[in-house]
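**Student:** Order-wise, the sequence lines are chains A and B. Heads up: the first sequence at position 61 corresponds to 61 in my numbering, and the numbers run straight through without jumps. Count along the second sequence from 1, then add 1000; that gives the number in my numbering.
The hints are simulated quantities; they were obtained by calculation from the structure and are not laboratory data. Any given hint could turn out to be false.
Stated by the list, open to error - Far from chain A, by Cβ distances over 10 Å, these chain B residues were calculated:
1. 1073
2. 1080
3. 1087
4. 1177
5. 1214
6. 1233
7. 1246
8. 1274
9. 1360
10. 1378
11. 1388
12. 1410
Unchecked claim - Pairs of lysine-lysine residues, derived as BS3-like cross-links and limited to a Cα-Cα distance of at most 27 Å, are as follows:
13. 1111(B) <-> 1307(B)
14. 259(A) <-> 1176(B)
15. 1178(B) <-> 1360(B)
16. 1228(B) <-> 259(A)
17. 1402(B) <-> 1176(B)
18. 1402(B) <-> 1125(B)
19. 1360(B) <-> 1309(B)
20. 1360(B) <-> 1346(B)
21. 1135(B) <-> 1045(B)
22. 1125(B) <-> 1396(B)
23. 1111(B) <-> 123(A)
24. 1178(B) <-> 259(A)
25. 123(A) <-> 1386(B)
26. 259(A) <-> 1197(B)
27. 123(A) <-> 1307(B)
28. 1336(B) <-> 1346(B)
29. 259(A) <-> 1111(B)
30. 259(A) <-> 1194(B)
Being a predicted model, the structure only gives us computed values, none of them experimental. Every residue gets a Cβ at the ideal spot worked out from N, C-alpha and C, and that includes glycine.
The primary structure of each chain is shown beneath.
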Amino acid sequence: MDIYLSQVFTGLSIGSVLLLIALGLTFTFGQMGVINLAHGELIMAGAYTAYMVGGVFGESVSLLVALPVAFALAGTMGLVLERVLIRRLYGRPLDTLLVTWGVSLLLQQVARDIFGAPNVNAKAPEWLGGGVVVAGATLPYARLFIIALVALSVTGIWLYMTRLPQGRRMRAVMQNRQLAAVSGIATQAVDQRTFFIGSGLAGMAGVALTLLGPIGPSLGTAYIVDAFLVVVAGGLGQLRGAVFAAIGLGVIQSLVEFKTQASLAKVLCFVAVVALLQVRPQGLVSVRSRALT
Amino acid sequence: MKTKKWVGVVMLLAVVAAACGDSANDSSSGSGQTGGATDGGSTIKVGILHSLSGTMAISEVSVRDAELLAIEEINAKGGVLGKKIEAKVEDGASDWPTFAEKAQKLISVDKVATTFGGWTSASRKAMLPVFEKNKALLWYPVQYEGLETSPYIFYSGATTNQQIIPGMDYLKAQGKTKIFLVGSDYVFPRTANKEIKAYAAANGITIVGEEYTPLGHTEYSTVVNKLKDAKPDAVFNTLNGDSNVAFFKQFKSGGLTAATMPVMSVSVAEEETRGIGAENIAGHLTAWNYYQTTDTPANKTFVAAYKAKFGQNRVTDDPIEAGYVQVYLWAAAVTKAGTTEVEAVKKAADGITFDAPEGKVTIDGATQHIYKTARIGVVQPDGLIKEVSASPTPIKPDPYLKSYPWAAGLS
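Okay, chain A solo, but in the shape it has when bound (with noise of 0.2 Å):
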């Protein structure tokens, strides 16, 4: 029995992994429609953010102090690509996804070179070791921390979104640029702030991700398509959506893999997310709108 309630946290566990990692493409990819290729990378950058902080702070409190440097460093890096490349491909997607895909061979290469081929490692605190044993299933610390922290950033993007006139901005370019633009919001500001937030938002994953992961320069790719897919599965730019589909692919994998294989789980979620797409082209979560898009 124990296992079966193990397997469900697991399940939220991996659904919690997958939010984490889309969270920021939510806002890129999901509000402006910029395929970011780059966006694994972004993630690598938290990672080693993680790994140099751990070596200057130790590692009890490193995990906290590397969660803001990650979002501001990522952040930063996103707004760079942003103002460099990405402000002159707007409405050229494809252009925009060979474009970061060489920025992301570009930023793994760098990576390696800083850092060297092998994977680095970066101590996990003490007090997330172990975990507490609820009903005779483990439930680890490190997973619930990743869970905390999904839930807070949820909750954070949500009220900003719904409650401030920036976020307000952001919705209203999203669902209509020009009518936006004609009623006097700085488009291009908007544009950068979101790109920012979603940058910054992949670099936090990449902090958390160390706790479960390695920490090495093609970290990025292993998590890319499975950020793209619950984003996709769960309708541009709506968090609700993404929430959904991340629990839900969380849970298939979970439920799947224990009956079968891992190799077999990822199938049958590549093939609930087209079957889904077949029914809902535009995701779970879709906003009804006048727009000519």
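Dock chain B against the given chain A, drawing on the hints supplied.
**Tutor:** Relative to chain A, chain B alone:
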């Protein structure tokens, strides 16, 4: 409508990304010369072909370094046949068709006398037809799944009876009767596990589970749950690459320990323990032929030279050592043959011995594999590996496991 189009693009992208990993190419075209016609020049050119970029760079860059170190040392002592060795380094880029193309380039454009290279079995399988077609030599430095002997490849890493079977022997001697298999989903783990299952059936060991995950997989909570459910005495781990980091981190945070459920790994060496974090893997077992701590005079010299050249924070491990050793073995074979001509070198190679850092190694001419000592080790809290058991003498390579009755149905 715009949205729909993007969705299509992303899905396409996902498919392409997934396909990239396992696309195979039998060989590149073009006719090369029969290898090794370099006796006329003032240097002897050799090829070094490893992944210096992409996902496998993590492992292969260090092997390249070791091979360059060996070449430098041999040159400092006067080279071979009175000539200096000149290394032509190419990047296989973690892409198997690229390995085949670069191998062809080294053979027909650079006219190298021999090539040292490869890591994954997939890259070796991609290069094999190129070397066979051109009748050129490849030295391959990594332990692999066995069941192969190409007349144009020398295998300086372990075959299964020098690594995996000694690993199983050790677990059996420790009284472990229930074993769980975890591996990456490709040729090496699948073949190795086939052999392990045959071994287990003949030795009264029960295989209580068998799990494969895609290369690069980072989510191991379900596997950890299955381990808790099956309660094996030990885990035999054939995961490769980054997955090991995720596996050991999540194994530990899931509450499992080396004391109750030791994991025997065959693809985790000193280089990998640094990325995994020694605190996550300390106490677990490994099966190799060499450790940085192996106590031989040749190893003290090798470790010192490697650290002096590439940095004090670098570590040596089994494939790095095999890369270093194979250059010396080739040089010895060339010296004995008096030429770099491939057929003569192959003939001369039989029986050549070398006092390697791992101890005495001997080339077995019939299989073109190496006699190696099997060593079982335990990972220490500082990330180095301490030997706890070793075969009394170097083990004769037996890639097709012909001397093991239980392996009759394999291959």
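**Student:** Next step is simple, just say for each hint if it's right about the structure.
**Tutor:** Against the structure, the hints:
no.	hint	in the structure
1	1073	holds, 23 Å
2	1080	holds, 30 Å
3	1087	holds, 19 Å
4	1177	holds, 22 Å
5	1214	violated, 5 Å
6	1233	holds, 19 Å
7	1246	violated, 4 Å
8	1274	violated, 6 Å
9	1360	holds, 30 Å
10	1378	holds, 19 Å
11	1388	holds, 24 Å
12	1410	holds, 22 Å
13	1111(B) <-> 1307(B)	violated, 32 Å
14	259(A) <-> 1176(B)	holds, 26 Å
15	1178(B) <-> 1360(B)	violated, 35 Å
16	1228(B) <-> 259(A)	holds, 15 Å
17	1402(B) <-> 1176(B)	holds, 26 Å
18	1402(B) <-> 1125(B)	holds, 22 Å
19	1360(B) <-> 1309(B)	holds, 24 Å
20	1360(B) <-> 1346(B)	holds, 20 Å
21	1135(B) <-> 1045(B)	holds, 16 Å
22	1125(B) <-> 1396(B)	holds, 23 Å
23	1111(B) <-> 123(A)	violated, 48 Å
24	1178(B) <-> 259(A)	holds, 20 Å
25	123(A) <-> 1386(B)	holds, 22 Å
26	259(A) <-> 1197(B)	holds, 21 Å
27	123(A) <-> 1307(B)	holds, 25 Å
28	1336(B) <-> 1346(B)	holds, 11 Å
29	259(A) <-> 1111(B)	violated, 53 Å
30	259(A) <-> 1194(B)	holds, 22 Å
Consistency note: the structure conflicts with the earlier hints numbered 5, 7, 8, 13, 15, 23, 29.
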